[in-house]
Amino acid sequence: MTQVKPGDTVRIHYTGTLSDGQTFDSSEGRDPLEFTVGSGQIIPGLDAAIPGMSVGEKKTVAVVADDAYGQPDPAARQTVPRVDIPAEIPLDLGTQLQVQTPQGQVMPVTVVEVTEDQVVLDANHPLAGHDLTFAIELVEIA
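End of the sequence shown sits at 141 in numbering that gives the first Met the number 0; the numbers just go up one at a time, nothing left out.
Heads up, a few of these hints could be off.
What the hints assert, rightly or not - Across the chosen pairs, the derived CB separations fall in these ranges:
no. : residue 1 : residue 2 : range
1   : Glu139    : Ser25     : 15 to 21 Å
2   : Asp72     : Thr22     : 42 to 48 Å
3   : Phe23     : Arg76     : 19 to 25 Å
4   : Gly128    : Gln102    : 43 to 49 Å
5   : Asp72     : Thr35     : 43 to 49 Å
6   : Ala86     : Gln2      : 26 to 32 Å
Stated by the list, open to error - List of simulated lysine to aspartate or glutamate pairs, DMTMM-like, C-alpha gap at most 20 Å:
no. : residue 1 : residue 2
7   : Lys57     : Glu27
8   : Lys4      : Asp65
9   : Lys57     : Glu87
10  : Lys4      : Glu56
11  : Lys57     : Glu136
12  : Lys57     : Asp91
13  : Lys58     : Asp91
14  : Lys58     : Asp7
15  : Lys58     : Glu139
16  : Lys4      : Glu33
17  : Lys58     : Asp24
18  : Lys58     : Asp72
19  : Lys58     : Asp83
20  : Lys57     : Asp7
21  : Lys57     : Asp46
22  : Lys4      : Asp130
23  : Lys58     : Glu87
24  : Lys57     : Asp30
25  : Lys57     : Glu139
26  : Lys58     : Glu136
27  : Lys4      : Glu139
28  : Lys58     : Asp19
29  : Lys58     : Asp121
Just so you know, these hints were derived from the structure itself, not from any lab. Since the structure is predicted, the reported quantities are computational estimates derived from the model, not experimental observations. Quick reminder that beta carbons are idealized off the backbone N, C-alpha and C, glycines included.
Whenever a hint applies, use it, and build me the whole structure from the sequences.
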């Protein structure tokens, strides 16, 4: 039976869960995820688990935070004067916004703190600092 090797394009079905069992993402009800193994298109810990699998094989993979989205970077949090944010922008905790960097790049941020005078925005990936578990099934080797 053919096994996956780095450079192969594969399709997998997956369900990703946090350590408390909460599902954060899944391909259920969607097309399988397609990517080239070893190309950096998916998180390193999951990418490393694919070589050697055969079509139809299922496995569960534990991925530590450092091999997923890394640890939260304190430098990715920015405090903004509340008066600098337009009144129509919702500032509820957990709200996802997009900001533009001075270089013109659009970046997603999350509202993590709001006071009368300031708003703290966090540009870390929402899963930074979390160990993840993936239940995967190799559907196809292209």
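So, going through the hints one by one against the coordinates:
1. Our hint of 15 to 21 Å for Glu139 and Ser25 holds, since their Cβ atoms are close to 18 Å apart.
2. Restraint check, Asp72 to Thr22: a C-beta distance of roughly 26 Å breaks the suggested window 42 to 48 Å.
3. The hinted window of 19 to 25 Å between Phe23 and Arg76 holds, with their beta carbons roughly 21 Å apart.
4. The given range of 43 to 49 Å is broken by Gly128 and Gln102, whose C-beta atoms sit roughly 26 Å from each other.
5. At about 27 Å, the beta-carbon gap between Asp72 and Thr35 misses the expected band of 43 to 49 Å.
6. About 58 Å separates the C-beta atoms of Ala86 and Gln2, a value inconsistent with the hinted range of 26 to 32 Å.
7. As the CA atoms of Lys57 and Glu27 are separated by approximately 15 Å, the hinted pair is consistent with the 20 Å bound.
8. The straight-line distance between the Cα atoms of Lys4 and Asp65 is roughly 23 Å, outside the 20 Å bound, and the hint therefore fails.
9. The suggested pairing of Lys57 with Glu87 is violated, with an alpha-carbon distance near 47 Å, which exceeds 20 Å.
10. Proposed proximity of Lys4 and Glu56 is supported: the alpha carbons are some 14 Å apart, at most 20 Å.
11. At most 20 Å may separate the alpha-carbon atoms for a hinted pair to count; Lys57 and Glu136 meet this at roughly 4 Å.
12. For the hint linking Lys57 to Asp91, the alpha-carbon distance of about 40 Å lies beyond 20 Å, and the restraint is violated.
13. Distance restraint check for Lys58 and Asp91: the Cα-Cα separation of roughly 39 Å exceeds the 20 Å cut-off, and the hinted pair is therefore not satisfied.
14. The hinted pair formed by Lys58 and Asp7 meets the criterion: a straight-line CA distance of about 19 Å does not exceed 20 Å.
15. Distance check on the hinted pair: Lys58 and Glu139 sit about 15 Å apart at the alpha-carbon level, within 20 Å; holds.
16. Between Lys4 and Glu33, the direct Cα distance comes to roughly 15 Å. Compliance with the 20 Å bound is thereby established for this hinted pair.
17. With a C-alpha separation of about 17 Å, the suggested pair Lys58 and Asp24 falls inside the 20 Å cut-off, and the hint holds.
18. Annotation: proposed proximity of Lys58 to Asp72 is violated, straight-line Cα distance about 31 Å (limit 20 Å).
19. Distance restraint check for Lys58 and Asp83: the Cα-Cα separation of roughly 49 Å exceeds the 20 Å cut-off, and the hinted pair is therefore not satisfied.
20. Taking the CA atoms of Lys57 and Asp7, the gap is about 18 Å. The hint holds against a cut of 20 Å.
21. Straight-line distance between C-alpha atoms of Lys57 and Asp46 comes to about 15 Å, which keeps the hinted pair within the 20 Å bound.
22. At most 20 Å may separate the alpha-carbon atoms for a hinted pair to count; Lys4 and Asp130 exceed this at roughly 25 Å.
23. With a C-alpha separation of about 46 Å, the suggested pair Lys58 and Glu87 falls outside the 20 Å cut-off, and the hint is violated.
24. As the CA atoms of Lys57 and Asp30 are separated by approximately 17 Å, the hinted pair is consistent with the 20 Å bound.
25. Distance check on the hinted pair: Lys57 and Glu139 sit about 12 Å apart at the alpha-carbon level, within 20 Å; holds.
26. For the proposed pair Lys58 and Glu136, the alpha carbon gap of about 7 Å is at most 20 Å, so the pair holds.
27. At most 20 Å may separate the alpha-carbon atoms for a hinted pair to count; Lys4 and Glu139 meet this at roughly 13 Å.
28. Only pairs whose Cα atoms come within 20 Å are accepted, and Lys58 paired with Asp19 is accepted, the gap being roughly 19 Å.
29. The straight-line distance between the Cα atoms of Lys58 and Asp121 is roughly 33 Å, outside the 20 Å bound, and the hint therefore fails.
When held up to the earlier numbered hints, the structure conflicts with 2, 4, 5, 6, 8, 9, 12, 13, 18, 19, 22, 23, 29 and fits the remainder.
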